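Asks: Listed below, chain by chain, are the residues.
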Amino acid sequence: MKYVTEFRDSKAARALSEAIRRTVRRPWTVMEVCGGQTHAIVRFGLDALFPPGLTLVHGPGCPVCVTPVGLIDQAIHLASLPGVIFCSFGDMLRVPGSVRDLFAAKAAGGDVRVVYSPLDALTLAQAHLDRQVICFAVGFETTAPAFAAAVVQARRLGVKNFSLLVAHVLVPPAIGAILNAPGNRVQGFLAAGHVCTVMGCKEYDELVRRHRVPIVVTGFEPLDILEGVLLLVRQLEAGRAEVENQYARSVRRQGNPEAQAVLREVFEPVPRAWRGIGEIPQSGLRLRHAYAEFDAIERFGGDVALVGEGGVEDAECRSGLVLQGLLKPPDCPAFGIRCTPERPLGAPMVSSEGACAAYFRYRRRTDSLQEVRHGE
Amino acid sequence: MCLAVPGRVLHIEEGPLLTATVSFGGVTKDVSLVLVPEARVGDYVIVHVGFAISKLDEEAAQRSLDAFAALGELGEPEESAP
Amino acid sequence: MASEDAPAVSCPLPLASGQHVLLAHGGGGRLMQKLIGDVFLPAFANPLLAKLHDGAVFSVEAGRLAFTTDSYVVQPLFFPGGDIGSLAVYGTVNDLAMCGAKPLYLSVGFILEEGFSLELLQRIVDSMAEAARKTQVQLVTGDTKVVDRGKGDGIFINTAGIGVVPPGVMVGPHRVQAGDRILVSGDLGAHGLAVLSMREGLGFGGGIESDSAPLHGVVADLLHSGVDVHCLRDLTRGGLASALNEIATAAKVEMTIEERSIPVQEPVRGGCEILGLDPLYVANEGRFVAFVPPAQAETALAVLRRHAVSHNASVIGTVTGSDEPLIILRTLLGTNRIVDLLSGDQLPRIC
Ligand code: SF4
Chain W
1 MKYVTEFRDS
11 KAARALSEAI
21 RRTVRRPWTV
31 MEVCGGQTHA
41 IVRFGLDALF
51 PPGLTLVHGP
61 GCPVCVTPVG
71 LIDQAIHLAS
81 LPGVIFCSFG
91 DMLRVPGSVR
101 DLFAAKAAGG
111 DVRVVYSPLD
121 ALTLAQAHLD
131 RQVICFAVGF
141 ETTAPAFAAA
151 VVQARRLGVK
161 NFSLLVAHVL
171 VPPAIGAILN
181 APGNRVQGFL
191 AAGHVCTVMG
201 CKEYDELVRR
211 HRVPIVVTGF
221 EPLDILEGVL
231 LLVRQLEAGR
241 AEVENQYARS
251 VRRQGNPEAQ
261 AVLREVFEPV
271 PRAWRGIGEI
281 PQSGLRLRHA
291 YAEFDAIERF
301 GGDVALVGEG
311 GVEDAECRSG
321 LVLQGLLKPP
331 DCPAFGIRCT
341 PERPLGAPMV
351 SSEGACAAYF
361 RYRRRTDSLQ
371 EVRHGE
Chain S
1 MCLAVPGRVL
11 HIEEGPLLTA
21 TVSFGGVTKD
31 VSLVLVPEAR
41 VGDYVIVHVG
51 FAISKLDEEA
61 AQRSLDAFAA
71 LGELGEPEES
81 AP
Chain P
1 MASEDAPAVS
11 CPLPLASGQH
21 VLLAHGGGGR
31 LMQKLIGDVF
41 LPAFANPLLA
51 KLHDGAVFSV
61 EAGRLAFTTD
71 SYVVQPLFFP
81 GGDIGSLAVY
91 GTVNDLAMCG
101 AKPLYLSVGF
111 ILEEGFSLEL
121 LQRIVDSMAE
131 AARKTQVQLV
141 TGDTKVVDRG
151 KGDGIFINTA
161 GIGVVPPGVM
171 VGPHRVQAGD
181 RILVSGDLGA
191 HGLAVLSMRE
201 GLGFGGGIES
211 DSAPLHGVVA
221 DLLHSGVDVH
231 CLRDLTRGGL
241 ASALNEIATA
251 AKVEMTIEER
261 SIPVQEPVRG
271 GCEILGLDPL
281 YVANEGRFVA
291 FVPPAQAETA
301 LAVLRRHAVS
311 HNASVIGTVT
321 GSDEPLIILR
331 TLLGTNRIVD
341 LLSGDQLPRI
351 C
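Residue numbers (our numbering), protein chains in the order written: chain W, 1 to 376; chain S, 1 to 82; chain P, 1 to 351.
Next comes chain W alone, as it looks inside the complex (with noise of 0.2 Å):
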């Protein structure tokens, strides 16, 4: 595939990696924001490719594993609701709520149903005029549009039996809280790429300022992160703090105009709690006003409000500590013991993205894959 191969080059992908270990003289601690970037990581073994002295630990860049409990409680109280077809990404599937997931609600009858877009949602409620078609609008800046864009064009076509239960987030004020927390140890960050394509590289400019902290807009594909991370340790080596910008192929400094128009004519920004680590100001979005008509919440009243508030989060889970970068998975207590994909205790288990799960998955045997590494 043109555009994606040529970024998983395993020739450039080493002369990163010796760029990057003649670079670092110190040991640094950076996050990769995201949860995708995460993937990639552990996906393509990066972590290897990295001097012993530089440490990534994984950010709090996974939607699906910051919806609250609460939420999810809402989502499988709506899909259990009669005449409801509810729509989800994939991911949100597996993730528990308080008692139960989606998949159970699904067994249990509700027709919940995997989309690619919210466009199919909105192509389903079209469908289905009987029915009430409710998408659960996960996702960061990046995905927001998309959600945005749906509604629009809902109300241009007056499709009326169609709403959103909605749960994004946004990045920068996640960004702001890890570097607020007491005891942060991350000394630079490598940002979302996808989130950046969409919002511009302001925000980040005002974190850089505030917290002198260098970050780089970093790509998806093994050579983007190998290059944000050289760009990284540069700065962190010369003492340098700026915004750099490694994934110029789709970022542009004022990002995409206009999904920035149509998530502001929709979508206002609200306090928001983060799964395992608290409520955010200014870190969530919900309807506007003017189209609070297609707010589940508001449609299906009352009920669906309390449900949200009673929502429990597993005591012993760690989420908060990992999606911080303050703990590794593998040093959760719980971590293969009692938390497995099969019955996981937090959702950054069940995720396809979540650091969890992507440990379990990749890397349960460190120790034994780095002696294989050695040696070759």
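Don't take each hint at face value.
Distance windows between CB atoms, simulated [stated by the list, open to error]:
#, chain 1, residue 1, chain 2, residue 2, range
1, S, Glu14, W, Lys202, 30 to 36 Å
2, W, Arg155, P, Leu41, 55 to 61 Å
3, P, Gly179, W, Ser98, 49 to 55 Å
4, P, His53, W, Glu342, 42 to 48 Å
5, W, Ala108, P, Leu52, 39 to 45 Å
6, P, Ser225, W, Glu6, 36 to 42 Å
In silico SDA-like pairs for lysine to any residue, Cα to Cα no more than 20 Å straight-line [to be verified]:
#, chain 1, residue 1, chain 2, residue 2
7, P, Lys134, P, Ala45
8, W, Lys11, P, Ser261
9, W, Lys2, S, Gly42
Honestly, the hints are just simulated from the structure, not real lab data. All values reported here derive from a predicted model rather than from experimental measurement. From the three backbone atoms N, C-alpha and C, an ideal C-beta is built for every residue, glycine too.
With the hints as your guide, set chains S and P with the ligand onto chain W.
Replies: Below, chains S and P with the ligand alone, put in the same frame as chain W:
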């Protein structure tokens, strides 16, 4: 998060959603270009959940690849000074 | 119930379009006899079935018997490159082939949902008959049940099969040992993607066809070629990753496979990228892995490449150890990662 993949625009339909047929290594999908209205047939766009979110800058991509190649060939000299 | 445009009385009418399966088609009465006489017997025609006995009685050549069963519930029923009917024959034929057996006889059980189109049933049955002819197996006994509307998904098919394992042939995970080369018979993931491409809400175009195909021919050739085949496994649900994990667990061995040697067609790769799927875990219906001694890997590869269904065959790795069951993938970048079993189906990963 935010799985987004580059694909090539094969065909664009006029209409409120600017629906385009986009090819990803041979499979095609309908993708809305409303967020990237400047995209034309033949362009590469980066697609996320059924929407193009940017037009891929092919020159910038080539610059990155050239830089990787140079790094591979030059090795030491370019990196010697931290 | 029959649809409104169907004739009110259906005396000795041939199966015309617009007719549907009724509960009585499974009731053991005249309608069922008619279904058997009009649909199944002509399609599957063979002397053993024609006896209409409660079971089939036959003798077999010398050797050991292989016996297997599988049920088919695929949706959509017709997909690019195949349908549930041919799949139900090839799947069982392939399972027998993986035991080193020559497939001989199949049974077939249909579970039909009331209201299912008889025309579709006819098409599926014809496809099964065609698949049986191609693979030279006989469908010698069968059963049909009809369930109430809403209690099935149109049609479910179960097939079981019997085959004979020639003397001297011994294939199974117990024979897998350190040093064995691992061959895969062709490119991965086409079946899973072809089926996904038809799904409401996930669909895509571009003509990926299922790899659904019978494998007994190439396997027989491989066994006759003098290669001492240690183990065979077809790659169905869960794909290559699951098959290798199963064998590694049964044989208690560690395997190392090379990502760059694993064939995947470009459109399948593209489809996997957009949906966030890993082709190693995507289903196939006409692919298998073979474990052979290192000295015979080249011969085995040459045999596989002679057959159309396996012309893309490739040596993908080696059994590297004999202690802990573990699959290590050498990635495109030369790093290692573990290929584990998934806990359930692979879900499209989007956000
Ligand atoms: S391993 Fe399980 S319990 Fe521990 S942090 Fe991860 S999801 Fe939570």
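Asks: When the structure is checked against the list of hints, which entries are broken? Sort them ascending.
Replies: Violated: none.
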